[in-house]
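Chemist: Spelled out from the first residue to the last, the chains are:
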Amino acid sequence: MRCGDFKESYLKDETIFQTYWVKFWLFILMLFLLGLPFYANSYVMYVANLIGFAIIGAVGLNLLTGFTGQISLGHAAFIGVGGYTAAILVTRLGLPFWVAMPLAGLTAAATGMVIGIPSLRVKGLYLVIATLAAQFILEYVFVHWESMTHGIRGINVPAPRLGSFVFDTEQKFYYITLAVVLLGVGFARNLVRTKWGRAFIAIRDRDLAAEIMGINLFRYKLVAFGLSSFYAGIAGALWVGFIKVVTPEHFPFSLSIQYLAMVIVGGLGSVLGAIFGAVFMTLVPELLNVLTSFAKSSVPGLEHVFLPMKDVIFGLLIVSFLIFEPHGLAEIWHRIKNFFNLWPFSY
Amino acid sequence: MDIFLQIIVSGFAAGGVYGLIALGFVLIYKATSVLNLATGEFMTMGAFVCLTALTQASAPFWIALPATLLFAALLGVIVERVVLRPLIGEPIIAVIMVTIGLGSILKGITHLVWSPEYRSFPPIFPPQPLDLGFAIVPSGLLWGFIFALVCTAVFTFIFKYTRTGLAMRATAANQQAALSMGISVKGVFALSWSFAAITAAVGGIIIGNISGISIHLGHIGLKVLAVIILGGLDSIVGAIIGGFIIGILENLAGVYLDSIVGGGVKEVVPFIILVIIMMIRPYGMFGRPIIERV
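Order-wise, the sequence lines are chains A and B.
Reminder that position 140 of the first sequence reads as 1182 in my numbering, one-by-one numbering, no gaps.
Reminder that position 133 of the second sequence reads as 146 in my numbering, one-by-one numbering, no gaps.
Next up, chain A with everything else stripped away, as it sits in the complex:
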């Protein structure tokens, strides 16, 4: 009988699929995800798509905040940059969605790197404020650069198509989302065990020590900003392709906060955590929506209580996770897994 999970070399410790069981369960999960559109209704698929976008954005933010330790309050703006780039490229230049999406990622990455420049001089609180300013400035640009963004009227975008196949329903679009999520998560998971990933973690843990050991702070911080914004840009492009319209209200400051909340609730510095956080923080508001509509029909007059309750619950989640479980859902997951690993003979 197995009495523990022993690793005898660093190589083994770094493998992604640590045991055969992990591969098995992931395989089952993949089957479930691939089959989901066949038996789920369009509301469930809508939520599944939202979760997918959130995962991409959160994994990106976690690379920056969780691994490199640079806090960003402007993630929603980068998502917006990606969304607007994709929309403009598709409608103005007539580029196919598949070309526009990576370009949107690159534009967002370039924007993110510009915003990241202050990170060389300032850190901590000051960087938080700088990224917050970036959020508001970009939001202003979305609204007021009328000739490009059409202001608050927004831009209508056609659904992406491949040959004659149009990805216009939630079910069809889900496969694009799933593919991009798998690519993004796989890349991030591999990145964090390479030289680059270790450099990120070194910068997070002690930037001065990292610099002394020969890590070029400026380059790695900028790359972290670029990568994280690239993810954001891709998430934005997908979002635009999915709901087929882009307006400035889609990328408010509160979305930036929501992404940071995902990363914190899920677990800083863990790809799995970002996924958990994205799923959790997307499902909670949806659940509250369901509760609201339920309350509307059963207890009329109570529904006005639910709207503000969303804010309260959102805040309570952040505060209580920070106080009681700072390592987030990923840590809870590890605890549960370890408990059952040796159950019933754990000691």
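These are calculated hints, taken from the structure and not from any lab test.
Keep in mind that this is a model prediction, so the values were computed, not measured.
Note that beta-carbon positions come from the ideal geometry of N, C-alpha and C, so glycine has one too.
Just so you know, not all the hints are guaranteed correct.
The following residues of chain A were derived to be distant from chain B, with all beta-carbon distances above 12 Å [claimed, not checked]:
| id | residue |
| --- | --- |
| 1 | K1054 |
| 2 | F1074 |
| 3 | L1076 |
| 4 | V1321 |
| 5 | A1337 |
Chain A side only, calculated, beta carbon under 8 Å to chain B, not exhaustive [stated by the list, open to error]:
| id | residue |
| --- | --- |
| 6 | I1113 |
| 7 | V1164 |
| 8 | P1350 |
| 9 | V1354 |
| 10 | F1356 |
| 11 | V1361 |
| 12 | L1364 |
Which stretches of chain A does chain B cover? Using the computed rule of at least three CB atoms under 8 Å from a CB of chain B, they are [unchecked claim]:
| id | region |
| --- | --- |
| 13 | 1181 to 1195 |
| 14 | 1294 to 1305 |
On the provided structure of chain A, position chain B as indicated by the hints.
Modeler: Leaving out everything else, chain B in the frame of chain A:
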């Protein structure tokens, strides 16, 4: 020329209020190294409490104001005790996020208790404007300015010349040393939070008087970040002077740039100034540069 002076004067008056709110940020930052991103919600809540006292309880202003201040002080102490104290010594992201979460909770509660629609204050101050000869100051701005100035003076006095203020300054300088001198650092933390909540509430009341209140008043709290970055995160003088500068620049931009780029510049100018300062002089005019030693 006349309009230029008029803009400067209104900007100056608005700057006084910014300075007051910025003071709240600085008080907390100095004592506890926390940047309180929930300041905007403290403002909103304070303004609503005062409004309720004035209209529903129909109390006169000289009763409503102390009642609001008492409420704000209590709120500050409770928040410090329940939310912030468990996080002492945690990384910056935790502390920042906890204030954001707190802001969300407070905003929800405000929304729950007072419905979201826009309201205006009953007239508190005499309505006649002040004529300076070269410019006219509207009554709301004038009284707001006077109020802000009085508040700032009171807090500066407490900070500089009382025992409590000395304890606060000692804690800001070195917590360990302050503890060993018998200063209750916890007490100082609680006090700083209640002071900050009071300044925020007064700021909220003043702004509510000038332009009415809704639950979205809190946005101004974020604008004030530009003020404290300009002045320096840990400088009281910087907060006040920064407030004036940002107030004036914002008003100038609102008048002269709005026609060029098309509306709403006033909202974004503080943030642009913020980024520029950050690039040139990250620690502001009067802030103390952080020197890291290995």
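Chemist: Work down the list of hints and note, for each, if the structure agrees.
Modeler: Here is how each hint holds up against the structure:
no. : hint         : verdict
1   : K1054        : 31 Å, holds
2   : F1074        : 33 Å, holds
3   : L1076        : 36 Å, holds
4   : V1321        : 19 Å, holds
5   : A1337        : 14 Å, holds
6   : I1113        : 5 Å, holds
7   : V1164        : 4 Å, holds
8   : P1350        : 4 Å, holds
9   : V1354        : 3 Å, holds
10  : F1356        : 5 Å, holds
11  : V1361        : 4 Å, holds
12  : L1364        : 5 Å, holds
13  : 1181 to 1195 : holds (count 4)
14  : 1294 to 1305 : holds (count 4)
Every hint, counting from the list given before, is met by this structure.
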